[in-house]
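Sequence lines, in order, name chains A and B. Going by the numbering used here, the first sequence opens with residue 1, and the numbers climb by one from there. Going by the numbering used here, the second sequence opens with residue 1001, and the numbers climb by one from there.
Since the hints were derived computationally from the structure, they do not count as laboratory data. Think of the CB as a built atom: it goes at the ideal place given N, C-alpha and C, for glycine as much as any other residue. There may be inaccurate statements among the hints.
[Unchecked claim] Listed next, with one range per pair, are the computed distances between beta-carbon atoms:
no.	chain 1	residue 1	chain 2	residue 2	range
1	A	Gly325	B	Arg1550	53 to 61 Å
2	B	Ser1457	A	Leu460	40 to 48 Å
3	B	Ile1533	A	Ile424	23 to 31 Å
4	B	Ala1035	A	Gly325	39 to 47 Å
5	A	Thr297	B	Glu1344	55 to 63 Å
6	B	Asn1574	A	Ala324	17 to 25 Å
7	A	Leu182	B	Trp1524	19 to 27 Å
8	B	Arg1554	A	Ile168	46 to 54 Å
9	B	Leu1520	A	Ile168	22 to 30 Å
10	A	Leu460	B	Gly1259	41 to 49 Å
11	A	Leu171	B	Trp1524	22 to 30 Å
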Amino acid sequence: MPWLTIAVVLPLLGAALTVALPSSLRAAPQVIALSAAALSLLALLVTVARFDPGAGMQLVEEARWIPSLDVAWRLGVDGMALALCLMSAILFLAAIAYGVGPRPLGRTAAALLLSLEGATLAFFLAEDFFLFYVAFDLTLVAMYFLIALWGGERKRYAALKFFLYTLIGSLPVLLGIIALSLSADGAPTFDMIRLADERPIAGSGLGASLVFLAFFVGFAIKTPIVPFHTWLPAAHVEAPTAGSVLLAGVLLKLGTYGLVRVNLQMLPDAFATFALPVALLGLLSVLYGALVALAQTDLKRLIAYTSVNHMGYVVIAVAAAASAGISPEARALAIDGAVLQMLAHGLVTGALFFCVGFIQTRTHTRELGALGGLMQPMPVYGSLIALAFFASLGLPGLAQFPAELQIFLGAFEAWPAVAAVAVIGIVLTAAIFLRALQRAFLGETPERWTGLPDLDRRELVALLPLLVLVVALGVYPRLALDLISSGSWLP
Amino acid sequence: MVALLWAVVLLPLAAAAATRLAGPRADVVALAGAAVAAIPAWILLVAAAGGERATWAMTWLPAAPGLDVGLRLDALSVVMAVTVASVGLAVVAYAGGYFANEPRRPAALAGLLAFLCAMQGLVLADGYLTLLIFWEIVGALSARLIAFDRAEPDGPAGAVRAFLTTRAADVGLYVALLALYAGAGTLAFGSERPGGELGALVGIGLVLAAMGKSAQAPLQGWLAGAMAGPTPVSALLHSATMVAAGVYLLVRSHELLAGWPLEIAGWVGAITAVAGAVIALAQQDLKRVLAASTTSQLGLMFVGAAAGGPAVAIFHLVAHAAGKATLFLAAGMFQHDREGTALERLRGAGRDDRAAMAIFAVGALSIAAVPPFAAFWSKDAITAAAEGHAGWLALVLLAGAGGAAYLLRVARILWAPAPHTRPVVAGHRMMAGAAGTLAAASVGLGLAGAPLAALLSAQPPAITVTSVVLSLIAAAVGAGAILLGWRAPAPVAAAARAGLYADAMLRTVVQAPVALGARLAARWDDRMLDGAIVDGTGRVTLRIAHAQRRLEERRIDAAVDELARAVGRAGAQNRRLQTGRLHEYLRDTVLGTMAVVVLIALAAVL
């Protein structure tokens, strides 16, 4: 059975089905969306059972598409792709369970969420550049509509900015893809497995550097790396809750996934020359993102900026793995850490955006100054968001600690100073989250918040699975690391 | 043995869960849980005394070798575990009474038990990776417990300050680990310090982390803020166990820190010992006096670790844990009697509550190093060890004089004649029983020095005639100064009340610049980077497009006009595509993208 294709196609079929059904069946979109997302996750779990962590890229499914260009429906998994797909499928299930717009889930919302899921999974599983690029842009379109249709006050501005900025980013990626495809030995090919093996653009001459930079800029915007990050706060703040969850939890990973899959695996020589500048941009993201977050008074913007900080660690790790002369162990540490950080950030930040959404629907504000003492009326909510906060500041026992520690360990071998300065980021994130905790959740409860209801079942269903995984990965990170095992697929 | 190690760590956690669910009988469940949890620790102590050693390890990060987590049974870890379990048992028993009228008593007791789990993990950790994990977890639990009274503003503020100060110092621990792993390829205990810059990072980093956790100057301010937490929390975390983790780290790492790093730690400790005593003398709140005293005593342990080796430092750690926890528990009884811990409010409280006063007196005599109480022997071992180091010796003696002085000052206030105002306090008997037991330990532990040294296979703490005489003179001078009513000059007193301006300095040097940097970065990000550059580029592009359109419109000639009409016709047909249906847009976008890619690719190939 082509389980990967099934995992990708099920959400897309679900999307088509919701649109095709008459609108009189009001509950249908919700049921279809949940089943499609759940079955897709199931197909991925079957893949986990078939997966051999030591074997690198595997379980390739291939169907001819445009033979003259060697374009094919080509899907495959290695540890990174599989881990990210699982995390995405879980976040999509949670987001669909929570919903977008009016309840129950409408046809358009269901169709958009499912197409976004299909496109995301196709992107992570694609081993063909044509599919890779189409999926990359499709996610953009689906997210654009999620923001533009159900966003906050400035949704049109935010949606357009998000769309244009990331579209500009995807154009150089397209150029890079074409350059890579054409430079293959013999006939052009879009086969990413072959391109990763043969690495047709070797060396670090002008051509290789330009191709590297084309991909880098596109992925840097998506990640986002400072200074290409300013679309992010606008989009996150205006997006509906489930949209923010997916944007931060899943879509940012497209950028760092691309950095590993393309820049690191296909252009290692060029990356080696640019490794230090890229690492310094990552370090800048870590410190700058944290500093800007520290000054925010809007809880959602604050969390959005911490994403810049957390993704900065991933960038440092990938750059360290690309640096010349790094030992295989440090390299595996860095990339294991980077992939685990992508998972952990997806789960933790997803949980955080859910938490902000819960509070916004109750109080209609996200201003730290207007909130306060929320722990009193909402003890369950307070404990859970505190757990998410501590996870996000990298407390041991929770998922981001093993990720960040491995990144530090790997990067320290390449550039001790970069790693040591990056560690300062964990103090800044601690300041960010404790300050938010103190202002919004502790202290005296203002009169108007004393009657707030605690979390309901729908909210717990969306939030709890994410937090359970955060704890599980924090206590026993090998749950993910044994799957990721980057040592087996890194060049 | 491994099962017992796990039991020491996990039983408190199980007890915490049971307590959380126990409702009104939470005090009984918690006490039973803490008692059961203490049993395996004592069994391990007996086993370790018989020469038993054990380790358990598991690969935690499989990408590279040497990144295991594990537990270990050795002399040092088991002494710490027994101290934690025993003080923990006394404090949990006491807390059942202390929180008698607290509606959230199950949560409070469960919090103490959960802390015991993490603290046992810290002291039983095998290797720096496991140590780091529990080191940070106890910090977070400490913040949570300080902020237990969440409606009161002091608690959360103190919790934030405590966590941020210690975490800032923990950067040292992270960097030390990174350097150690890079230099030695392992994070196991007992390796040699790597040479060169890596070794420097290891030494500085570990000492910095120990300073933060043990509230050593100039980072001592957070401990005063932590006093906003409930008194049992102060007793367990912020005097007896968690803050002593810095000393434990120095002792555990003494091979790694041999030479200049321990020399630095010794100076930091000696200076803090005096600074803490000076600050303690000026405080107007009983718990803050005790907090400053704790920093001073921990400073003495740093000197002990640097000058005398493991047995000296750990002996004082154990004796101090018993004595200082006793003092805090007595302080909590006064706090309930008089609904506060401000010294002015406590005037004469000892005459009303003689049980509490007796308990307080035992703790005070021990911490003030009066023979034959426990801390006299352990502190004297530190004095003796510092004899070869004139600077440290002078500071240690000064701190000893200060210790006698600040405790006598407090005792005199507690015993001052005052009108009788004794209310009946719920839970008093439970509190007195637990505190009294701990006070008894403060008497007996003086005999523990030699067996402890034997267990740690270290030199037994030596006591010389000189050290005894000098210590006693110092204590007498301190006590005499209080009895004679000697007062410090006004500027010194003001500085002492303000914690010797360490907080003000940290605010100016660290906190203010970071806050300013954050504000500037946020403004730059919002107005310049996003507003002017990104959105500005968008606006300029639009303007150019408009200008170009106007230009083109004016230059229209017939041919272009015709072309435009053709385009217009095509456009009119295309308008039918604009159906407003999202899924059709999606389809068109995909098809369009594909077409573009194919065209470009074809063009390139041909």
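To see whether the hints hold, each was checked on the structure:
no.: 1; hint: A/Gly325 with B/Arg1550: 53 to 61 Å; verdict: holds, 58 Å
no.: 2; hint: B/Ser1457 with A/Leu460: 40 to 48 Å; verdict: violated, 54 Å
no.: 3; hint: B/Ile1533 with A/Ile424: 23 to 31 Å; verdict: holds, 27 Å
no.: 4; hint: B/Ala1035 with A/Gly325: 39 to 47 Å; verdict: violated, 57 Å
no.: 5; hint: A/Thr297 with B/Glu1344: 55 to 63 Å; verdict: violated, 39 Å
no.: 6; hint: B/Asn1574 with A/Ala324: 17 to 25 Å; verdict: violated, 53 Å
no.: 7; hint: A/Leu182 with B/Trp1524: 19 to 27 Å; verdict: violated, 41 Å
no.: 8; hint: B/Arg1554 with A/Ile168: 46 to 54 Å; verdict: violated, 30 Å
no.: 9; hint: B/Leu1520 with A/Ile168: 22 to 30 Å; verdict: holds, 28 Å
no.: 10; hint: A/Leu460 with B/Gly1259: 41 to 49 Å; verdict: violated, 55 Å
no.: 11; hint: A/Leu171 with B/Trp1524: 22 to 30 Å; verdict: holds, 27 Å
Of the numbered hints listed earlier, those contradicted by the structure are 2, 4, 5, 6, 7, 8, 10.
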